[in-house]
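Visitor: Residue strings, one per chain:
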Amino acid sequence: MDYLYFPGCTLKDKTASIMEKTALTAAAALGLPLKEIDEWQCCGAVYPLTEDEFITLVSPSRTLYKAQRKPVVTLCSACHHVLKRTGVRLAADKEARDKVSYCLEQEYPGETPVLHYLELLRDELGWAALKEKVKAPLEGRRLAAYYGCMLLRPAKEMAFDNPEKPRIMEDFLQALGAEVITFPFRNKCCGAYLAVTEQQVMEDTANKIVTMALEYGAEELTTACPLCRYNLEQTPIVRDGKLKISFFSEPLAAALNLEEQEVMS
Amino acid sequence: MQNQGNPVKKLHSEIMERSGQDFYKCIQCGKCTAGCPVVSAMDLLPREVLLYLQMGQVEKLMNSKTPWICASCFTCGARCIKDIDLARIMEAIRAKILRPRGANALSPGEIPKELLQKVPQQALVSSFRKYTR
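Order-wise, the sequence lines are chains Z and G. Under our numbering, the first residue of the first sequence carries the number 606, and numbering increases by one thereafter. Under our numbering, the first residue of the second sequence carries the number 4, and numbering increases by one thereafter.
It is worth saying that the hints were derived from the structure and are not from the lab. Hints may contain errors.
[Claimed, not checked] Per the computed footprint, the stretches of chain G lying under chain Z, defined by three or more beta-carbons under 8 Å from a beta-carbon of chain Z, are:
1) 25 to 37
2) 58 to 65
3) 68 to 76
4) 80 to 89
5) 95 to 109
Even glycine gets a Cβ: it sits at the ideal position worked out from N, Cα and C.
With the rest of the complex left out, here is chain Z:
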């Protein structure tokens, strides 16, 4: 079965291409081909939180309507968050549905499932099957998972994992053969878009997370959010090379032993 793939704005940036290329190459190697949605449009990056704001639902809805109930897979946790919550809202809120359908000049097709790549690995492939496909286990690499916010909260809508005690990323790293480090701030916000308006606040917040990860013995922190990755990289600990930050598809491609040429082609 082919899955529709929604890349979003950040993964298409040249400096971020390693995140997308490792993920797509790994998906093909795992027999989970991802087909990029034609003429996709930015999801808006944040989900509108007021009851009377409908226009910002149109952009993520365009992707959901286009998919016509076929599962849409994302790599970026913010895209996943916005698309999933928009889908939940459209299914439950007739006023939102009617307004969006009017703007898109299309009938509401019903609820389109939205999956994060990690859910695809957990629910469609399974950890045992992933483990079998691992050719170069990450033995001796002390990896910690950093979830951030968007995948987990609000739990009722995201229905992704336990928001205070998640395990999907640890299970993932375990399947890759890494030594998994669990640390207390793995679901604490990194400062998000304050990277633009309040850089010092973001850096203080990100610092607490990397300091804690280092204290717990991690040598690499892996995340599913391109903005978390960037924010964590702005800290002195990471700049000094004491801790590495990776996008989750990088250790995945390494464990599957996908040659650099193959990944970059």
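Put chain G on the given structure of chain Z with help from the hints.
Guide: Coordinates of chain G only, in the frame set by chain Z:
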């Protein structure tokens, strides 16, 4: 809408309607504040935002830095024992300030060029969604 004659009451009910949150349910336990990752940069604590809403002192919130520091990480809402989604209240306060024409809190020219070149698009799209109408 109710209370059309009194501007403070009107603002108060607008925030309740737009956020969809009943802030009178708050019992001031402080879990939102304890878990907030950016509270140290706020001039009003998350708990105090709810308190001032309950007391009808909405103008304090309109002049506060707190709604602009909130990064919508949803930790407060996840831990609230009364199921109040405070991130939605922060957004309703920002919306009240941003919606009048020309009231944007961020313009592209304010972002240093050096930052523009390295920050991920996701951060830019998010900021403009959050700080402009």
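Visitor: Each hint should be assessed against the structure and marked as holding or not.
Guide: Do the hints match the structure? See the list:
1. Closer than 8 Å: that is the beta-carbon criterion, and the region 25 to 37 of chain G has 0 residues meeting it against chain Z, so the requirement of 3 is violated.
2. Here's how the region 58 to 65 of chain G fares: 0 of its residues keep a CB closer than 8 Å to some CB of chain Z, so the rule of at least three is not met and the hint is violated.
3. Note: the region 68 to 76 of chain G has 5 residues with beta-carbon separation from chain Z under 8 Å; the three-residue rule is met and the coverage holds.
4. Counting residues of the region 80 to 89 of chain G whose beta-carbon sits less than 8 Å from any beta-carbon of chain Z gives 3, enough to reach three: the coverage restraint holds.
5. Closer than 8 Å: that is the beta-carbon criterion, and the region 95 to 109 of chain G has 3 residues meeting it against chain Z, so the requirement of 3 holds.
Going through the hint list in order, the structure does not satisfy hints 1 and 2.
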